[in-house]
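Protein chains: 2
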Amino acid sequence: MGEQGGKRAAKFQGPKGTRDFYPADMVRRRYIEQAWRTVSIRHGFEEIEGPTFEAADLYAVKSGEAILGELFQAFSGKSPEEVEQVRATGRAPYALRPEFTPTLARMYADRAASLPRPTKWFAIPIHYRAERPQRGRLREFLQWNADVIGDESPQADAEVIAVAVGLFTELGLSGRHITVRLSNRDLVSELLLENGVGEGNVGRALTLLDRRDRMAAEEFTRACGEIGLNAAALAERLGSIQSEMNSALAAMENGEAMPAIARRSPGIEQLKGLLAALDAQGILKWCEFDFSIVRGLAYYTGTVFEITAAGERAVAGGGRYDRLIESFGGPPTPAVGFGMGDVVLSLVLEEHGLMPEGERLAECLGTRPDAFVVSAGDESCDAAVAPLVAELRRAGLHARRSYKATKKIDKLLKDAAACWARFAVILDESWSAGRVQVKDLTDGTQHTIPRAQLAPWIAQRRAGLAV
Amino acid sequence: MGEQGGKRAAKFQGPKGTRDFYPADMVRRRYIEQAWRTVSIRHGFEEIEGPTFEAADLYAVKSGEAILGELFQAFSGKSPEEVEQVRATGRAPYALRPEFTPTLARMYADRAASLPRPTKWFAIPIHYRAERPQRGRLREFLQWNADVIGDESPQADAEVIAVAVGLFTELGLSGRHITVRLSNRDLVSELLLENGVGEGNVGRALTLLDRRDRMAAEEFTRACGEIGLNAAALAERLGSIQSEMNSALAAMENGEAMPAIARRSPGIEQLKGLLAALDAQGILKWCEFDFSIVRGLAYYTGTVFEITAAGERAVAGGGRYDRLIESFGGPPTPAVGFGMGDVVLSLVLEEHGLMPEGERLAECLGTRPDAFVVSAGDESCDAAVAPLVAELRRAGLHARRSYKATKKIDKLLKDAAACWARFAVILDESWSAGRVQVKDLTDGTQHTIPRAQLAPWIAQRRAGLAV
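Chains A and B, in that order, are what the protein sequence lines are. Counting from 1, one number per residue, gives the positions in the first sequence under my numbering. Counting from 1, one number per residue, gives the positions in the second sequence under my numbering.
Bound-form chain A, shown alone (with noise of 0.2 Å):
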């Protein structure tokens, strides 16, 4: 079809962003959410998921100012009351959720009486952040989440870093791809003491270093200099004890047992918890330590993790936050989790090969068309196309038809092998004896099939049962 007369009506474009899923993109993106909730289900993980705005005030204290920063906000236009309150003070009531944490930790506060400990969350949410869009960043995202809540052992450390790992193997990432680099706040915060940071600005040091990699170096040192911070003494410091527990790594990879660590302290403690449990995940070979990672998030207390991609780019990344759960009303809980978005994830898929294409991909998803039916023959065989798709599709099996008026069988079955259909089922004069022509597109093979048996047949054939 052309223009019809006058003037095109202007094309709308979705917002700065965000995506459009045609088909071929949609396919891609439930590969990956497919394999999320496979690999989740089978960690023992359950499901759950949350409303996609919340009350904004849910974010203000706990979640840090990068992301308060970046919130999408929202109001009802309805509501005279919230408008008032936008106009008046450009602040709206509502924010789309930019992180996942805050909605599970008020859902656990809410019923932390009657959920079991520990209890093993995950989420597929959606995401929103207002930041400028780049490759691997936009502003509507998904983001995997698993939490392992009301257990503070190592082990359940151990256990959201083997969920995620699980989901690397899933998708045909092996430790040569991939790296999870755990660090551990409360030895980070050891070592800000011991090198001239005070007891009340422990929280303000985090954050300096969790933004070092973007900042000035000048700007670092006066902020460095400003809470007495000795960033040379701390990174020898650090760098030393980091090489000493990835030695002890390396050597209970090779089924040696762990090699005794000169420092004695908690945070220490928990980092040797933390190694013997993953150790008992069979993980180890995934990990390193490295100390510079204390990531952004304000709540985060423990053990934290990065996961990252070769050249550096994060998939995932998380920790724990045991003081989140009661900061939210609910009774002193610990907790752990990670998120992974799927931007990076999906790019990382494709750089390596690994997202499947075409009938692969169908086949994962179980999608491909049981028949496809086409009509060769007279009026009476084009009319019956549509009873018969029907009949099929009752059956519970995925039938498509030809919507093209040619005979042409070689186009028609040409289309049916487009759309990678098992069988096409070809209406021709035999239709008016009750037989239909069906080609096993597979193997090529050629069969005459009393209308009657035909789904019975297709059912059959396709289960690998000899019909």
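Since the hints were made in silico from the structure, they are not lab data. Among the hints, erroneous ones may be present.
It does not matter which identical chain is meant; a pair holds if it fits inside one copy or across any two.
[Claimed, not checked] Here are the simulated DSSO-like cross-link-like pairs (lysine-lysine), alpha carbons at most 27 Å apart as the crow flies:
(1) K272 / K404
(2) K408 / K439
(3) K439 / K78
(4) K78 / K16
(5) K439 / K272
(6) K16 / K408
(7) K439 / K16
(8) K272 / K285
(9) K285 / K407
(10) K404 / K414
Fit chain B to the supplied structure of chain A, relying on the hints for placement.
Coordinates of chain B only, in the frame set by chain A:
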């Protein structure tokens, strides 16, 4: 754990009209989503998705007043321009999407030249309406959409109705529970013109008819007067044609040919074509004509329908929107589709006892554990649980474990049964000899299996193969 001294922090609530999905809620949501997806794919529809928020302008022209008054609005709190706009006008640049059709029309318009005809798309978007929450209506909900684009024939109308009917069948609902109520805006428009309404007032008259049930009688009478509508004559005429069409439908359902219809008009020709197409799909028994239906959305043309459950609750609604894609900058493109929300559908399933629970639901969703591992032995058995569970998961099995300290086998087996595990794996004194006890929780049989053979043994037995 009790409260830890001092005052407990205040609990947060989710926003009014939204839902927290705990695991028991989430599996019910997934059951419905899985049915929507399975049936869509079986009927040859391909999945798409768009952003959850769009430019507010996208809804300004075509969605109709009822939706425009109920928009949640959104803006970037990071953008000084956007904050300035909401302060100055009380209106934000974005809206949380209240329906999917404008997104679909935008996406189709953007790629019309390269898309097949017909294009068959489905989606399971989240929607938002700032209306007052009540039973069956929430401010955030899921809606299944299925659309056939680029096919003006009544076969396309019948195909979208057939996929909705396929969904009900999949969920165990029948024509006893569900009625597809068919109408046609062109027919109603013809009769408006014949009963006093001038060309320029037809749109206004359709809106009036749609709102009739929500208006006081005097208000309706006055509004009819303003546009010259003889409502009584219209009702009588529509009722008489409706009876005639329903008789034709009943005759065809009994296998008779379509009877002659007294009236001849473009609207009637469309309805006759629809009858034949519904017959070809084998779904006449789900349908009846109800010309009181005109649908509230401003963009509908031709066929419109509502699907209701016993008690007259609307489960789904849809129709043709042959001019919408063009108005969004695409080529003139006929289209037809519907939306079905999750809230009313869930209520209907529950009322009829058709929402599966417990083991059956877990079976439907593939969330039953294959193995539940417990230690009934000494410390070496306790320490072996985590590595064994990790090993089973690496083999692709869904493995869980007990986190309890108890060694009481009855208690442990009860926990295994409570999550509908297929097999309990028990580490006891035979562990030191490299063997585990496996209890098949389906048939109660007990087996001693060498550790190295455990994963393949469970996988094969789960698949129903002798081992």
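Hint check results:
When the C-alpha separation of K272 and K404 is checked against a cutoff of 27 Å, the pair qualifies only between copies, where the shortest distance is 23 Å, while the shortest distance within a copy is 67 Å. For a Cα distance limit of 27 Å, the shortest separation of K408 from K439 inside one copy, 15 Å, qualifies, whereas the shortest one across copies, 59 Å, does not. For a Cα distance limit of 27 Å, the shortest separation of K439 from K78 qualifies neither inside one copy, at 58 Å, nor across copies, at 59 Å. Proximity of K78 and K16 under a CA criterion of 27 Å is satisfied in both settings, with 26 Å inside one chain copy and 14 Å between copies.
Taking the closest pair of Cα atoms, K439 and K272 never come within 27 Å of each other, the shortest separation being 62 Å inside a single copy and 36 Å across copies. In this assembly of identical chains, K16 and K408 lie within 27 Å of each other by CA distance neither inside one copy nor across copies; the values are 45 Å within and 58 Å between. Proximity of K439 and K16 under a CA criterion of 27 Å is satisfied in neither setting, with 47 Å inside one chain copy and 56 Å between copies. Proximity of K272 and K285 under a CA criterion of 27 Å is satisfied intra-copy only: 16 Å inside one chain copy versus 69 Å between copies.
Within a single copy, K285 and K407 get their C-alpha atoms no closer than 59 Å, and across copies no closer than 33 Å, so neither meets the 27 Å cut-off. In this assembly of identical chains, the alpha carbons of K404 and K414 lie at most 27 Å apart only when taken from the same copy (12 Å versus 59 Å across copies).
Hint compliance for this structure: hints 3, 5, 6, 7, 9 are not met, and every other hint is.
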